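Novice: So you can see what is in the structure, the chains are spelled out below.
2 protein chains.
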Amino acid sequence: MASLPKEINDLTDAFSSLPNVGPKLSARIAIYLSVSAKDLAKKLSESLESVINNISKCNICGNVTNKDICSVCEDDKRDKSIILVVEDSLDLINIESTREYRGVYHVLGGVISPINGIGPDDINITSLVKRVEDEAIKEVILGLNPNLEGDSTALYIKDQLETARPDLQITRLAKGIPVGGDLEYLSGQTIIDSMKSRINF
Amino acid sequence: MASLPKEINDLTDAFSSLPNVGPKLSARIAIYLSVSAKDLAKKLSESLESVINNISKCNICGNVTNKDICSVCEDDKRDKSIILVVEDSLDLINIESTREYRGVYHVLGGVISPINGIGPDDINITSLVKRVEDEAIKEVILGLNPNLEGDSTALYIKDQLETARPDLQITRLAKGIPVGGDLEYLSGQTIIDSMKSRINF
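Residue numbers (my numbering), protein chains in the order written: chain A, 1 to 201; chain B, 1 to 201.
This is chain A alone, in the form it adopts within the complex:
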């Protein structure tokens, strides 16, 4: 029985290790790159090397950067007394795209998830506690995804921050009906959240 060359199987294995990329798609990509698209394979390989050599976490907030300090933290116009806590840099970029928020961030690099073996020490919580202890932070906004892991991570962080700085204001992003949402199809919990947080009209 004929099989694929080892080089292609190795590449398939590497692609399969990526999040949300299954083995069938990986094999298709590996074959595509090895015969039809060697130029793209070269571009991918060079981009990977460039990322390996130049990208690290911001020393202050944990955001991705090609310097020691990320572009948000080094920006003098940002309000350094408000920290918005997010799971990863993609959340940060989406929030930045609104051009509304003028504070700074803290990027956890994940959420607490016992089922995936991720505990509090595996994400950047200690550095957040240190920031609120050392700097003149007025408010920490918890901007984690509203699901089981995001909510329990937010609760854990709240406890840690309250212990470190009892005077600190801790908030979280509002839960409710998203723009374009349809009451007919929203989850019960979303409707309950939007009822609890209703405001005068």
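It should be emphasised that the hints constitute simulated quantities derived from the structure, not laboratory data.
Being a predicted model, the structure only gives us computed values, none of them experimental.
Everything hinted at is true.
Identical copies look the same in the list; a pair holds intra-copy or inter-copy alike.
Below, simulated SDA-like cross-link-like pairs (lysine to any residue); rule was C-alpha separation at most 25 Å, straight line: (1) Lys24 x Arg99; (2) Lys24 x Lys43; (3) Lys77 x Gly103; (4) Lys38 x Ser17; (5) Lys6 x Lys57; (6) Lys130 x Arg78; (7) Lys38 x Lys67; (8) Lys80 x Lys158; (9) Lys42 x Val21; (10) Lys175 x Asp91; (11) Lys67 x Tyr32; (12) Lys24 x Leu40; (13) Lys6 x Asn20; (14) Lys43 x Asn9.
Let chain A serve as the given structure and place chain B on it in line with the hints.
Specialist: Quick look at chain B alone, frame taken from chain A:
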């Protein structure tokens, strides 16, 4: 407004160029590789280089190989008088996994698809015609996917082969109900195909 470092955007662009990988997933992969999984990034980059340097198409059939001739074509036990024509090497591997077929292959590297700008000269048809002209081929089995592009590619190849070798036997894989298929949900065309190709029981 803060944005991602150029290195990460370049990597995102490269991933987006892969088949079936969208921009959102690409960005998530790029961030994951640049902060959480530099080991995997290194492994990917090395696997890509290995594929770039070592993999090419078999000089005879177009299958992927790390030598001049692929493992099927160089196998003395295979029947070289029957050629099974497939779209790509993944189809070949899946057919090989049945351990039923003992002939050789011809890998087109795609199908004719005017909408994607792929004409007859962009896939390995000329080399197939040359094989049936030069070698003692008795039968060519067309094993393309049963869809518009696969069927029209099969028809085109049939015309070319008949012109080159009027005595050649040309067959195609049977269309019908797949094992585990449910009559209630099968497409009308599949049912028609299975009626036309019905056999004595």
